[in-house]
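Asker: Taken in order, these protein sequences are the chains called A and B.
Counting in this note's numbering, the first sequence tops out at residue 112, every number present.
Counting in this note's numbering, the second sequence tops out at residue 1114, every number present.
Misleading hints may appear alongside valid ones.
[Stated by the list, open to error] DSSO-like, lysine-lysine: derived pairs with alpha carbons at most 30 angstroms apart:
| no. | chain 1 | residue 1 | chain 2 | residue 2 |
| --- | --- | --- | --- | --- |
| 1 | A | 42 | B | 1071 |
| 2 | B | 1057 | A | 42 |
| 3 | A | 104 | B | 1009 |
| 4 | A | 107 | B | 1009 |
| 5 | B | 1057 | A | 71 |
| 6 | A | 107 | B | 1083 |
| 7 | B | 1071 | A | 37 |
| 8 | B | 1070 | A | 42 |
None of these hints come from the bench; they were simulated from the model.
The model shown is predicted, which means the values in this text are computed figures rather than measured ones.
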Amino acid sequence: GESVGLHLPTLSVQEGDNSIINCAYSNSASDYFIWYKQESGKGPQFIIDIRSNMDKRQGQRVTVLLNKTVKHLSLQIAATQPGDSAVYFCAEFGGSQGNLIFGKGTKLSVKP
Amino acid sequence: DGGITQSPKYLFRKEGQNVTLSCEQNLNHDAMYWYRQDPGQGLRLIYYSQIVNDFQKGDIAEGYSVSREKKESFPLTVTSAQKNPTAFYLCASSAPGTAVYGYTFGSGTRLTVV
Chain A
1 GESVGLHLPT LSVQEGDNSI INCAYSNSAS DYFIWYKQES GKGPQFIIDI RSNMDKRQGQ
61 RVTVLLNKTV KHLSLQIAAT QPGDSAVYFC AEFGGSQGNL IFGKGTKLSV KP
Chain B
1001 DGGITQSPKY LFRKEGQNVT LSCEQNLNHD AMYWYRQDPG QGLRLIYYSQ IVNDFQKGDI
1061 AEGYSVSREK KESFPLTVTS AQKNPTAFYL CASSAPGTAV YGYTFGSGTR LTVV
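Only chain B is shown next, with the shape it has when bound in the complex (with noise of 0.2 angstroms):
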């Protein structure tokens, strides 16, 4: 079944370090998006990507990295930089330029600071 994966589910990061989340589709989608959600709040843009090897940063990009080597592939580094990480991370993918403008996310990664 197409679909899309983050992992890991669960990730505890130390203070200074940097950490990846991983996020895969098989659903040919160009597209493919990363979103911060903290407890009780919305969806919130950090970086997105139309087509390999480009991105660009949303609304909260300073902290956060990304590459987009492959169509599949979308990781997300939150860097020592990013004061505040502890949040649910959330990964879509989605296929512009067709009839279906619809986003499919991902089942989240949630990353705590210990």
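In isolation and in its complexed conformation, chain A is listed as follows (with noise of 0.2 angstroms):
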């Protein structure tokens, strides 16, 4: 379970570099992931997903990775711009009552 005070970790990179922010799952009975994008003093917004019949998925600028054999999900960011910088979630789903789980996040830092 979650530790109360436990920070978030950090990734720090340069403008123009590309990211990768990763998450372990919990659930190997999961089947659909998401990763969620949340700027300071706002709400999560949605970013990519993806389904566990699929490995990888690419939107605008982001692909997202599914390795399923050891529950591990990464997100990647090409060219990555200080309107980044925030704090990443994946979460996962396939829970009996239908509720999804978040993992405790990363902080992407942009320097210019």
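Join the two chains, each given in its own frame, into one complex according to the hints.
Answerer: This is the structure we're talking about:
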């Protein structure tokens, strides 16, 4: 379970570089995954999703990779921009109650 | 435009007071959720409701109460029993049983004890 007082891991990248944010999920039966972006003081916003029958999905400047063997999800952001600075959460779906389970989040900081 | 609205954006509570946070959605979503977020931390589930007139405790329900009298509304009351209520509160909704499993979030309410 989550530890109270545990702060988010941070990733710092240079503007224009590619970013890779990683997430380990918990339930091997999960069949749907989402990445959310949360800017400071705002609610999380949907970025991209992927179903378990896929291992890769691309959006605009973003790619999600799914490795079911090791229960690992990653979000790749191409040509990272200052506007990409935010906290990124992965979420998995597959529980019997139909609730999304959120990861702890990673804070992405983009240096100009 | 369809969406989910939280109000107020900022709320101040005195010691011993109950306060209620509003969450309204016009997305016709059956399910609604309340999360708490502390600085630099992830989301923790307080309460959720899959259908009108029914709700379930999440991971940190103590000191909170909810109601779901209407599909569109899911207010959260932070009671005086919640000893450390200062946090960012997020409401979300979803349409379980459809092909879209993602949650739509509101813009949050920042609650501060004064």
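Asker: Regarding the pair residue 1057 of chain B and residue 71 of chain A, is the alpha-carbon distance no greater than 30 angstroms?
Answerer: holds (28 angstroms)
Asker: With a cut-off of 30 angstroms on the C-alpha distance, tell me whether residue 1070 of chain B and residue 42 of chain A pass.
Answerer: holds (25 angstroms)
Asker: Is the straight-line distance between the alpha-carbon of residue 42 of chain A and that of residue 1071 of chain B 30 angstroms or less?
Answerer: holds (24 angstroms)
Asker: Would the pair residue 107 of chain A and residue 1009 of chain B pass a check requiring their Cα atoms to be no farther apart than 30 angstroms?
Answerer: Judged against 30 angstroms, a Cα distance of about 23 angstroms means the pair holds.
Asker: Can the restraint linking residue 107 of chain A and residue 1083 of chain B be considered satisfied, given a maximum Cα separation of 30 angstroms?
Answerer: holds (28 angstroms)
Asker: Is residue 1071 of chain B close enough to residue 37 of chain A, meaning Cα to Cα at most 30 angstroms?
Answerer: Roughly 27 angstroms separates the two Cα atoms, so the pair holds.
Asker: Sort out whether residue 42 of chain A lies within 30 angstroms of residue 1057 of chain B, counting only the CA atoms.
Answerer: holds (24 angstroms)
Asker: Are residue 104 of chain A and residue 1009 of chain B close enough, with their CA atoms no more than 30 angstroms apart?
Answerer: holds (24 angstroms)
In this structure, every one of the numbered hints holds.
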